[in-house]
Amino acid sequence: MYELLEYEASILVDIHHESSLLVLADGLGMDTIIYNTLRLHSDPHNLVLVSNYRLPEARFLTGILEKNGIIHSPGIITAEVNNKEREAIYKRGGVVFVSSRILVVDLLMERMPATLVSGVLILRAHELHEACQDSFAIQLLRERNPQLFIKAFSDNSLSLTSGYNHAERIMLQLGISKLVLWPRFNMQVVSCLNESQPDVEEVRVKLTSEMIICQSCILDLMKASLKELCDQNPTLNTDDLTLEKALLPNFDSLVSLYVDPLWNQLSSVSRRLVGDISSLRRLLHLLIEGDAVNFLTNMEGLRQAALAS
620 MYELLEYEAS ILVDIHHESS LLVLADGLGM DTIIYNTLRL HSDPHNLVLV
670 SNYRLPEARF LTGILEKNGI IHSPGIITAE VNNKEREAIY KRGGVVFVSS
720 RILVVDLLME RMPATLVSGV LILRAHELHE ACQDSFAIQL LRERNPQLFI
770 KAFSDNSLSL TSGYNHAERI MLQLGISKLV LWPRFNMQVV SCLNESQPDV
820 EEVRVKLTSE MIICQSCILD LMKASLKELC DQNPTLNTDD LTLEKALLPN
870 FDSLVSLYVD PLWNQLSSVS RRLVGDISSL RRLLHLLIEG DAVNFLTNME
920 GLRQAALAS
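Under my numbering, the first residue of the sequence shown is numbered 620, with each subsequent residue one higher.
Simulated from the structure, these hints should not be mistaken for lab results.
It is possible that some hints are incorrect.
As the list claims (entries may be wrong) - BS3-like mimics (lysine-lysine), calculated; alpha carbons at most 25 Å apart, straight line:
| id | residue 1 | residue 2 |
| --- | --- | --- |
| 1 | K710 | K686 |
| 2 | K825 | K842 |
| 3 | K846 | K864 |
| 4 | K825 | K864 |
A quick note: this is a predicted structure, and the numbers were derived from the prediction, not measured.
Just need the whole structure built from these sequences, with the hints factored in.
In C-alpha cells form, the structure reads like this:
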C-alpha cells in the first residue's frame, strides 16, 4: 500500500482511541482506512471481529495484508467452516471476518469467547437498521464484554441523512457516542488534494446504429405505456408521468408515490403497465451501461415472460 496521505493519517488518529462512527465522503479512500485499521489489529493478542462485509472484499483485504507482510493474516468464517474450526479461528486471535448470523449463533451456543474480543469493526454502517442481526450481535457481545470497542464505517453520507435521525439511531443501536465526520470540504482534505490536481481526459463513445435503433424502440414503448397508464387512470398526475421524467433515476419511486395508495383499485392492465415501464427503464439502462450479452439475456427473459403470460 502507498504511504498514507496527511488527512488519512489524521482520520486513523481520530478513530483510534474510542468507539466511533466514521462518516467519510465518497472517494476519499475508505478502503485505505479500513485496510490500515485491519493492519493495526492483525495481532494474536487481539481478537477483532469484522461484520457486514462482502466475501470478495474480505478475501481481497486478506490477500493484500498477506502480500504486504502481515504474518497473522485475518481469518474468514463462512457457513462451510465447521464448529471446531470456528472455535480455533476465534482462539487464534487477530482479525476475524464473521457474518452477524454466524456470530449470533456462536454467541448463543457459547462457541465464541466473548471475553477475549477486543472490538468489532462494522463496514457499511449506513445499511444497518433497528431489527438487523448486527445490532443484536453487538448487544450480546456488550452484555458479556462491556469493555470492547465498536468502530463503524460509512462512505455514504446521503443514506445517513435520509429518514429521521438515521445516524443517531445507528449510534444508539451500537452504543457509540462519538461521530467522526470527514467531508470533502474539510480544510485538511482540500489542502491535501489541491497539491495534486487530476488530469482528466474525457472520452465519449458513440452509440452504434443498432444501439440507436434499440434505444428508439424502447423509448417508443415507454411513451406508449405511460400514455396508456394515464388514459386508464385519469386521476393520476399526468404532468409527472411523462417520458422526460421517466428517464430520471428516481422515476420508479415517483410512480410508487402515485400508484401505491391506489394499488388495490388498479386494474390488472394498469398493474402490468407499471411493471412494464420499470422493466423498460432497466432495459434502457442496460443498453447504455451494460454489455451486449447482458442486454440480450435480459431482453430475452422479458420476451419469454411475456409469451408465458
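Original post:
Against the structure shown, which of the earlier numbered hints fail to hold, in ascending order?
Top reply: none
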